[in-house]
Amino acid sequence: MARQTTTQRILIALSSTLLLAGCTSPAPSPSAPAETPAATTEPAAAPRPVPSEVLAPVPLAGASGSTPSTGSCASAAAAPSGSIGDVDLESVRDSGPKTGATGAVTTATDGSPASYLVAGGDISAEIAERFCVSPEFLDALNSARRDGVGIDSLYAGDTLNLSPSAVLSVGDQNGRVLDNDAPSPLPEQED
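Just so we're aligned, residue 1 is where the sequence shown starts under this note's numbering, counting upward by one.
Treat the hints with care, since some could be wrong.
The calculated label-pair distances, taken between Cβ atoms and stated as ranges, are [claimed, not checked]:
{"id": "1", "residue 1": "G111", "residue 2": "S184", "range": "53 to 61 Å"}
{"id": "2", "residue 1": "G157", "residue 2": "S112", "range": "29 to 37 Å"}
{"id": "3", "residue 1": "I12", "residue 2": "S153", "range": "56 to 64 Å"}
{"id": "4", "residue 1": "D110", "residue 2": "D88", "range": "16 to 24 Å"}
{"id": "5", "residue 1": "D179", "residue 2": "A74", "range": "35 to 43 Å"}
{"id": "6", "residue 1": "G150", "residue 2": "S72", "range": "25 to 33 Å"}
{"id": "7", "residue 1": "D181", "residue 2": "G82", "range": "31 to 39 Å"}
{"id": "8", "residue 1": "D152", "residue 2": "E190", "range": "24 to 32 Å"}
{"id": "9", "residue 1": "S72", "residue 2": "V177", "range": "30 to 38 Å"}
{"id": "10", "residue 1": "D181", "residue 2": "C73", "range": "27 to 35 Å"}
Please keep in mind that the hints were generated in silico from the structure rather than gathered at the bench.
All C-beta atoms, glycine included, are put in the ideal place defined by N, C-alpha and C.
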């Protein structure tokens, strides 16, 4: 039995030596250098091209279109009275797409922003700034059907509610509509 083990060890050592010998010996040099034209050499691998076409999100079906951008949050309009939970109502208006808030907007029949379709790379604070509201108000608008509008709960393709009268009927999170408790007090809701 001992002789068989020794034989196996010698065989393994010789096999390893033969296999590894090719790794350490220099590559054979050709006897005559082959002439290769420079045009036939392959260039170094380039990085993968980036598509130049940018796809824009499509507004929700049944929406009346996008709100024209005002470009500014300065407004003479007074904020509506009332609150959602413990957050006072704010006047929602679209100041236009910006870095961190490039999604599509749908409007209500009166032309006011009704909902927002989150685009990849959007940030909740930038979305709130685009619509001239505080992050707390944006969160309150979406508290019944989402787990808020924080950085950990925002997904591309989400629908955010922008209307105080649609807190219970507009919005989703990562393809799901949550059934959280309705904030109290709550403005009159659309059917």
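Quick rundown of the hints versus the structure:
1. For the pair G111 and S184, the beta carbons lie near 29 Å from each other, so the given range of 53 to 61 Å is not met.
2. At roughly 23 Å, the beta-carbon separation of G157 and S112 lies outside the given 29 to 37 Å, and the hint is violated.
3. Between I12 and S153 the Cβ separation comes to about 58 Å, which falls inside the hinted range of 56 to 64 Å.
4. Checked against the given bound of 16 to 24 Å, the beta carbons of D110 and D88, roughly 21 Å apart, stay inside it.
5. Between D179 and A74 the CB atoms are about 38 Å apart, so this pair conforms to the stated range of 35 to 43 Å.
6. Roughly 26 Å separates the CB atoms of G150 and S72, a value that falls within the hinted 25 to 33 Å.
7. Hint check: D181 to G82, Cβ distance near 19 Å, so the stated range 31 to 39 Å is violated.
8. About 29 Å separates the C-beta atoms of D152 and E190, a value consistent with the hinted range of 24 to 32 Å.
9. A hinted range of 30 to 38 Å holds for the C-beta pair S72 and V177, which are about 34 Å apart.
10. Roughly 31 Å separates the CB atoms of D181 and C73, a value that falls within the hinted 27 to 35 Å.
Consistency note: the structure conflicts with the earlier hints numbered 1, 2 and 7.
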